[in-house]
Amino acid sequence: MTATASSAATSEVQDDRPYLEVDDLRVQFKTEDGIVRAVDGISFKLERGRTLGIVGESGSGKSVTSLTVLGLHNMARTRVTGSVRVNGREIVGLDEEKVRRMRGRDMAMIFQDPLSALHPYYTIGRQIAEAYLVHHPGQKAKAKRRAIEMLDRVGIPQPQRRYDSYPHEFSGGMRQRAMIAMALVNDPSLLIADEPTTALDVTVQAQILDLLDDLQREFNSAIIMITHDLGVVSRVANDVMVMYGGHAIEFGSVDQVLTEPQHPYTWGLLQSVPSLRGNAEDDLDPIPGSPPSLINLPSGCAFHPRCAYRMIGGGPCDLEVPELLPTAQEGHVVACHLPENERRRIFAEEIKLGAE
Amino acid sequence: MSEQTFEPGSQAAPTAVAPRSSSPLLTVEGLAKHFPVKQGAFGTKALVRAVDGVDFSVDRGETLGLVGESGCGKTTTGRMVVKLLEATAGKIVFEGRDITRFNRSQMRALRHDLQIIFQDPYSSLNPRHTVGKIVAMPLQVNGINPPGGVKKRVQELLETVGLNPEHYNRYPHEFSGGQRQRIGIARALALRPKLIVADEPVSALDVSIQAQVINLLRDLQREFDLAFVFIAHDLAVVRHFCQRIGVMYLGKMVEIGDRHQIYEEPAHPYTRALLSAVPDVTKIGEKGRERIRLEGDVPTPLNPPSGCRFRTRCWKAQPKCAEVEPPLLQIGTGQQVACHFPETGPIA
Ligand SMILES: Nc1ncnc2c1ncn2[C@@H]1O[C@H](COP(=O)(O)OP(=O)(O)OP(=O)(O)O)[C@@H](O)[C@H]1O
Ligand SMILES: Nc1ncnc2c1ncn2[C@@H]1O[C@H](COP(=O)(O)OP(=O)(O)O)[C@@H](O)[C@H]1O
Ligand code: SF4
Ligand code: SF4
Ligand SMILES: [Mg+2]
Ligand SMILES: [Mg+2]
Numbered sequence: 001m002t003a004t005a006s007s008a009a010t011s012e013v014q015d016d017r018p019y020l021e022v023d024d025l026r027v028q029f030k031t032e033d034g035i036v037r038a039v040d041g042i043s044f045k046l047e048r049g050r051t052l053g054i055v056g057e058s059g060s061g062k063s064v065t066s067l068t069v070l071g072l073h074n075m076a077r078t079r080v081t082g083s084v085r086v087n088g089r090e091i092v093g094l095d096e097e098k099v100r101r102m103r104g105r106d107m108a109m110i111f112q113d114p115l116s117a118l119h120p121y122y123t124i125g126r127q128i129a130e131a132y133l134v135h136h137p138g139q140k141a142k143a144k145r146r147a148i149e150m151l152d153r154v155g156i157p158q159p160q161r162r163y164d165s166y167p168h169e170f171s172g173g174m175r176q177r178a179m180i181a182m183a184l185v186n187d188p189s190l191l192i193a194d195e196p197t198t199a200l201d202v203t204v205q206a207q208i209l210d211l212l213d214d215l216q217r218e219f220n221s222a223i224i225m226i227t228h229d230l231g232v233v234s235r236v237a238n239d240v241m242v243m244y245g246g247h248a249i250e251f252g253s254v255d256q257v258l259t260e261p262q263h264p265y266t267w268g269l270l271q272s273v274p275s276l277r278g279n280a281e282d283d284l285d286p287i288p289g290s291p292p293s294l295i296n297l298p299s300g301c302a303f304h305p306r307c308a309y310r311m312i313g314g315g316p317c318d319l320e321v322p323e324l325l326p327t328a329q330e331g332h333v334v335a336c337h338l339p340e341n342e343r344r345r346i347f348a349e350e351i352k353l354g355a356e
Numbered sequence: 001m002s003e004q005t006f007e008p009g010s011q012a013a014p015t016a017v018a019p020r021s022s023s024p025l026l027t028v029e030g031l032a033k034h035f036p037v038k039q040g041a042f043g044t045k046a047l048v049r050a051v052d053g054v055d056f057s058v059d060r061g062e063t064l065g066l067v068g069e070s071g072c073g074k075t076t077t078g079r080m081v082v083k084l085l086e087a088t089a090g091k092i093v094f095e096g097r098d099i100t101r102f103n104r105s106q107m108r109a110l111r112h113d114l115q116i117i118f119q120d121p122y123s124s125l126n127p128r129h130t131v132g133k134i135v136a137m138p139l140q141v142n143g144i145n146p147p148g149g150v151k152k153r154v155q156e157l158l159e160t161v162g163l164n165p166e167h168y169n170r171y172p173h174e175f176s177g178g179q180r181q182r183i184g185i186a187r188a189l190a191l192r193p194k195l196i197v198a199d200e201p202v203s204a205l206d207v208s209i210q211a212q213v214i215n216l217l218r219d220l221q222r223e224f225d226l227a228f229v230f231i232a233h234d235l236a237v238v239r240h241f242c243q244r245i246g247v248m249y250l251g252k253m254v255e256i257g258d259r260h261q262i263y264e265e266p267a268h269p270y271t272r273a274l275l276s277a278v279p280d281v282t283k284i285g286e287k288g289r290e291r292i293r294l295e296g297d298v299p300t301p302l303n304p305p306s307g308c309r310f311r312t313r314c315w316k317a318q319p320k321c322a323e324v325e326p327p328l329l330q331i332g333t334g335q336q337v338a339c340h341f342p343e344t345g346p347i348a
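Those protein sequences? They're chains A and B, same order as listed.
Heads up: the first sequence runs through residues 1 to 356, numbered per UniProt numbering.
Heads up: the second sequence runs through residues 1 to 348, numbered per UniProt numbering.
Read the hints as simulated data drawn from the structure, not as lab findings.
There's no promise every hint is true.
Only pairs whose alpha carbons sit at most 25 Å apart, straight line, appear in this in silico DMTMM-like list of lysine to aspartate or glutamate [to be verified]:
id, chain 1, residue 1, chain 2, residue 2
1, B, 45, A, 169
2, B, 38, A, 164
3, B, 283, A, 164
4, A, 352, B, 219
5, B, 283, A, 229
Which chain B residues stay away from chain A? Per the calculated CB distances, all over 10 Å, these [to be verified]:
id, residue
6, 97
7, 118
8, 127
9, 142
10, 234
11, 316
Ideal Cβ placement from N, Cα and C applies to all residues, glycine included.
Make the full structure from the sequences, and use the hints.
See below:
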């Protein structure tokens, strides 16, 4: 499972390059307390038909990364450098009007909180139809048909009738599905889902994840799934990027990152989640301390104050920022100063995951 | 209630349930909460049956988990138990005393024994009070002067929950989410309660911090022999913390049993569906595994389905399910289940 294995790209323009290419992306915010380095040099690629999972604790820069891909960050207090290419087109620095025309069709977003995306005073159906009209001006009748069809696709019962409902008349799960219908109405080539199921029950979550699977198969979209839930990632992602303090610290296929992880932070995440299997009487294995402030990141490896394997005394852990370097496994990259054979040994001998 | 015996595995002859211990710490019988609401354009009066006849008991030092989908009545149940909400019907017995209709001053004495921890570590602490003042509040309200003084006791409590006693004079906003939850726990422990109702105490926390707080609660539970009613929607967290688990659906208890019964051999179709829906990292590579797909949403508690409330989403529903409400009865494997056609055997 490598990042380039997809046969994708049946549509429009570019055929030989990945649909999304992010290169050395940096996003900084000026705040009263200082400069927040929310994203600090992130690079990745994503092809159509594939799903990238971005995991990390709150404040690690997941949402900022995705908002930047959507071109939502060109404001006065924000500094964006590096490159984000969607279907070959550079987003960073592109003027707002042009980005707006891409949004919805070239890339679309599902948020954690559907109420932030749905207007309370307009009917659900009208909002979905409007989203269609942005890219198909004048086709009013078609827009309504399309909206009803989408409501049906996402599993809203009696879509003709529900077209005229207001957001508050829907349950949480239905609102989430309505927002997905709105995000998908123009068959977007890239869909970014930012914690789309965090607020939902597991049963509804399962429905939504199934729905995204089906839609991806149908439209061959690229999906970025942002979540702190490793279970969700294991269920939907082809590739996984683990973020810590605004950096990507591990990237690889879902099997590489979740079953043979090489970064001590990834080990920590996997060990701290309780599982439905294994001995429930055992204590959990939490990561000590708490996630860092992005205004004043620890020196060297940002994870070093919480890392049990830091090379104390002369080691580079608190001095040099580790680079994201290739491992022996193709496509698997890790940012840690420990030598690879040492990481493999530690994982094999010391790290117990929930399954055992 | 008479005691009956039955063959293990004989699903056909469920029996009425005998109490598990002679004197549980907490017993809840037929507990209900109906909220009056106005509905529709004409403001017709209606009742939200948030909790609609729930029975369970908790022994000393025992941890009971309550799980179920959003809106099924977990929080409402928890708030009735600690008497933050008045029950519409039913009985709450704590240490042999019926506290259902206790008034404020009667409750004050009970506050020693009965405490609650809330979900949101941000809004549950007064931002204008120092940590010292927040944790000392229950002591002061109850006029308690511990040996060595209030400050010493508060500093001990802060240490117990893994906070620096020097933080006594700091304010909540200076702490992270996990630390704030520890402050809430220290406050709940101040009176050395026998039972703590914890409503989603770790749901708002990051995974690494969540594990820290779960371990802390487990240590405290063992050290002080605390009983818990632990409310959470994360089934893996509940499995880790709770010895017994009650599964709720639309204001009813549909299954209650020990960890093995609920997680390995669940009998209610709804319990099976819930467990099946959990994406678990350890299931990676088992993508082809059959999952139970539940259709639709939970119906509204304004107008719950007749008979079995789960029947509108249940793949096993029969005509009987719409006509007769299944009572909560003990089955061969030992747990109590409210279903006419319970499942048998371990989960796939
Ligand atoms: N004050 C109230 N007035 C009317 N209805 C209410 C009130 N409080 C709760 N309800 C309703 O009662 C039902 C049970 O609510 P409760 O908060 O106990 O659910 P819960 O199981 O804790 O859900 P969650 O997992 O979302 O916290 C819901 O349908 C809710 O909308
Ligand atoms: N508009 C903003 N102004 C200042 N800081 C911000 C802004 N948006 C996000 N941040 C900060 O950037 C960091 C990363 O945020 P985010 O990407 O939202 O994290 P998460 O990984 O939880 O999605 C956080 O420290 C956050 O507080
Ligand atoms: S670089 Fe050092 S501190 Fe960072 S994860 Fe690796 S061993 Fe730990
Ligand atoms: S009583 Fe009938 S509808 Fe209810 S859970 Fe059992 S089989 Fe399903
Ligand atoms: Mg976020
Ligand atoms: Mg609740």
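Structure-based check of each hint:
| no. | hint | verdict |
| --- | --- | --- |
| 1 | B:45 <-> A:169 | holds (18 Å) |
| 2 | B:38 <-> A:164 | holds (22 Å) |
| 3 | B:283 <-> A:164 | violated (41 Å) |
| 4 | A:352 <-> B:219 | holds (21 Å) |
| 5 | B:283 <-> A:229 | holds (14 Å) |
| 6 | 97 | holds (33 Å) |
| 7 | 118 | holds (18 Å) |
| 8 | 127 | holds (18 Å) |
| 9 | 142 | holds (33 Å) |
| 10 | 234 | violated (8 Å) |
| 11 | 316 | holds (16 Å) |
Checked against the numbered hints above, the structure breaks hints 3 and 10 and satisfies the rest.
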